[in-house]
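Peer 1: Residues per chain are reported as follows:
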Amino acid sequence: MKLYLKNIMILGIILLGIALALDYGFTKVFKTGKTVKVQWLDKVNNIHLDYAIIGSSRAWWNIDANRINSEKKLKGLNLSNNHFGLNEILLRLKRFYDNENSLDKLLLQIDYKSIFSESGEFSSTVYNYLPFIDDSLTYNHLSERNSEWKVYKYVPFWRYSEYNFQWGIEELLITKMNLRQTIFDKAGNFFTDNYYHGASSFEIDSTKLILNTDLIEIIDFCEKNEINLVCFTAPYYQLILHQKIETRFNTIVDSLQLNHSNYGLIYNSDSTYFNDNTHLSLKGGDRFTDQLITDHF
Amino acid sequence: MIFNSLIFIAFFIITFSLYWLPLTKNKIHQNIVLLVSSYFFYGWWDWRFLFLIAISSLVDFYLGDKIYKENNLKRRKLLLALSLCINLGFLFFFKYFNFFLDSFYASFGIESKNNLLNIILPVGISFYTFQTLSYSIDIYRKELKPTKNLLTFLSFVSFFPQLVAGPIERAKKLLPQIAVPRSFSYANAVLGSRYILLGFFKKMVIADSAAIIVNPIFESDATGLLSIAGVLLFAIQIYGDFSGYSDIAIGTAKLFNINLMTNFNHPYFALSLRDFWQRWHISLSTWFRDYLYIPLGGSRLGKIFSIRNLLITFLISGLWHGANWTFVVWGLIHGLFLVIEKETRFVNLKFKPIRYIVTMFVVLISWVFFRAENINNAIAYIKNLFNFDGSGLDQINHFIRSNKDITHFGFLSIFILIFILITIEFSIEKRHFFKTFNGHKWVRYSSYIILFLLIALFGKFRNQQEFIYFQF
Chain G
-18 MKLYLKNIMI LGIILLGIAL ALDYGFTKVF KTGKTVKVQW LDKVNNIHLD
32 YAIIGSSRAW WNIDANRINS EKKLKGLNLS NNHFGLNEIL LRLKRFYDNE
82 NSLDKLLLQI DYKSIFSESG EFSSTVYNYL PFIDDSLTYN HLSERNSEWK
132 VYKYVPFWRY SEYNFQWGIE ELLITKMNLR QTIFDKAGNF FTDNYYHGAS
182 SFEIDSTKLI LNTDLIEIID FCEKNEINLV CFTAPYYQLI LHQKIETRFN
232 TIVDSLQLNH SNYGLIYNSD STYFNDNTHL SLKGGDRFTD QLITDHF
Chain Y
143 MIFNSLIFIA FFIITFSLYW LPLTKNKIHQ NIVLLVSSYF FYGWWDWRFL
193 FLIAISSLVD FYLGDKIYKE NNLKRRKLLL ALSLCINLGF LFFFKYFNFF
243 LDSFYASFGI ESKNNLLNII LPVGISFYTF QTLSYSIDIY RKELKPTKNL
293 LTFLSFVSFF PQLVAGPIER AKKLLPQIAV PRSFSYANAV LGSRYILLGF
343 FKKMVIADSA AIIVNPIFES DATGLLSIAG VLLFAIQIYG DFSGYSDIAI
393 GTAKLFNINL MTNFNHPYFA LSLRDFWQRW HISLSTWFRD YLYIPLGGSR
443 LGKIFSIRNL LITFLISGLW HGANWTFVVW GLIHGLFLVI EKETRFVNLK
493 FKPIRYIVTM FVVLISWVFF RAENINNAIA YIKNLFNFDG SGLDQINHFI
543 RSNKDITHFG FLSIFILIFI LITIEFSIEK RHFFKTFNGH KWVRYSSYII
593 LFLLIALFGK FRNQQEFIYF QF
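Residue numbers (this note's numbering), protein chains in the order written: chain G, -18 to 278; chain Y, 143 to 614.
This is chain G alone, in the form it adopts within the complex (with noise of 0.2 angstroms):
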């Protein structure tokens, strides 16, 4: 039994330096990409931003942040990624402002779904911040509210193991010898096309309307750094809502005294300006840019 245990412990010790190393490796690669949006976000430093546009797809696809510096000579970026939940918005604020970023207006993009899904979700997507947790203040942020994050801090590798269809030897290999074209510009936008793929059924649960307190530490993250917050609901292409539902949504914005613009209907119905149910086309998103321009700048 002890031979058996002498020698376990043995490759145990290789084992464990190895994955070390590794960690270390992959590491210091992911980090140096920028072709990821959660990678780009981590090298803008040093900036003073008009505005900023955040939230999920649905306030990244198409909406233009060029035209609206261009247009009113502002300097804004779309820090908005796909899948982002207000859990990991307001982990994005944290960065922005610990990088020695600021901003002066935040249009944050909410809707039935992110306002009442469960305080400190995390979207399937956060697995994005995985190179990044070396760094105390996203560390902290993810393992307050999920504890798996301590163990991808403590456990050599596992982080990159667990997830390596993302961040294992393919994307090693992308970001080492710069494979991939980044799929947004230069303000953080993304562009798709006017195909409308057709639209798959938008259901809540309308038992589970408890509001996402994650929301309300994004109203104090702003008022704390004094930015001017401003909510809208990006257009839905058919938007069946329960009555109990919109109730309960327009309540939170009134006692939330949230300055609030909802543009859930505002298409309601015309497919040439939409992808799918919930993501505007090019089309879509340019007329939504206009509205935008309008109405907050």
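Read the hints as simulated data drawn from the structure, not as lab findings.
The reader is advised that the hints may include incorrect statements.
Quick partial rundown of chain G residues pointing at chain Y, CB under 10 angstroms, derived from the structure [to be verified]:
no., residue
1, ASN(-12)
2, MET(-10)
3, LEU(-4)
4, ASP79
5, GLY149
6, MET158
Since this is a predicted model, take the numbers as computed values, not measurements.
Built from N, CA and C at the ideal position, the CB exists for glycine as well.
With chain G's structure known, arrange chain Y on it following the hints.
Peer 2: Only chain Y this time, still in chain G's reference frame:
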């Protein structure tokens, strides 16, 4: 609780420590640890089905003893029939009741959805039922003495490494090992650890990576090259999945110094279907041979009966795998080609590549039935295998681009990983590697490290796929 989960690793470390820590060769202590941990392991899925295992075990423990003591042949038969009825009754009810009811209604063109019972299939019921059946039958045949120790018997039936997906152990082999105190064996522990490592590689790297590509191919209308890739990858997936499970089970058992039977012996190197069945799921094929084929008369009663017995055996073997006509067809294809093989003296063919190609062709076509949702889908898929209109690299390219979980790198890397697996299998089959492997410590350690690295870099850790054979 599945093997490729952190909870299993924690469970195993605790069980291993409790089993060996006292360092006393105390059988009762060791079997209590095995029994409690095995029931915990099984109850992790659904504790209610623990009663089923317990009842099945108690029935066979009691009836086994009765059969052994009974001298009257008629009564012995009656007692055996009782054991068979109870065990197969449970199996029939949980696994086949809805299937037969559905088929009955369907034969009259009646929609059966509202008439079916809401039955959950207990994990591993087909495996432990066959294991307990062999106990009663062997006692009836006077090939085995029943154990007097209930703890030993309960530990034998529920032994967690092989409880839910085999190997299906014979009481003759496993019971004597559990009936005596075990001492730690360094050689067995090292061998067991190697089995476990290779098992995890097969399951997490090969099978689960292949599944990501296989599932969307079988759900699409793939033709030509893509559909061929689909069936080839499914063959690898099911082998990696099931033999990986068996390796982990065998390895885990060895760490308790208990030896389980070999369940796979490089089946894709088989040169005939007969050879294939001597290498694939050996514990099941030998079970059917000993408890069904030979009792039916085997090949002793002439050609016609021999063919009948072979077809019956493979039909039931197919049905054992699942309550679906696709499995029945799968079994019949194998049975039928075994008959053809026998009648044409296929194994006497001197040119081995032809034997290999024909064997693999039958195996691959039969896998389509095994994988498909229903017979119509299987037939459509097989037709698509030979349809090369508009298929080719463009189709594969489009397939990769339209599936968010698949990348060109991932698609290519699975084939490289399969090549590594084939190299390992070939080295073991031909025994080329053993001398170097056993002779040099650095070769052994390098091999372990490479396997660990491959698992870390390519293994599927998130949303692990359950082992395919759990559903059987």
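Peer 1: Holds or violated: the hint that GLY149/G contacts chain Y, with Cβ atoms closer than 10 angstroms.
Peer 2: OK, holds: GLY149/G within 10 angstroms of chain Y, min 6 angstroms.
Peer 1: Please verify that hint: MET(-10)/G, Cβ, nearest Cβ of chain Y, below 10 angstroms or not.
Peer 2: With Cβ-Cβ at 13 angstroms, over 10 angstroms, it is violated.
Peer 1: Let's test the interface hint: is any C-beta of chain Y closer than 10 angstroms to that of MET158/G?
Peer 2: Check failed: Cβ of MET158/G comes no nearer than 12 angstroms to chain Y, outside 10 angstroms.
Peer 1: For the hint on ASP79/G, just tell me whether its beta-carbon gets within less than 10 angstroms of chain Y.
Peer 2: violated (29 angstroms)
Peer 1: Should the interface hint for LEU(-4)/G be scored as holding, given a Cβ-Cβ cut-off of 10 angstroms against chain Y?
Peer 2: holds (6 angstroms)
Peer 1: Hey, does the ASN(-12)/G contact hint survive, CB to chain Y under 10 angstroms?
Peer 2: holds (8 angstroms)
This entry does not satisfy hints 2, 4, 6, going by the numbered hints stated previously.
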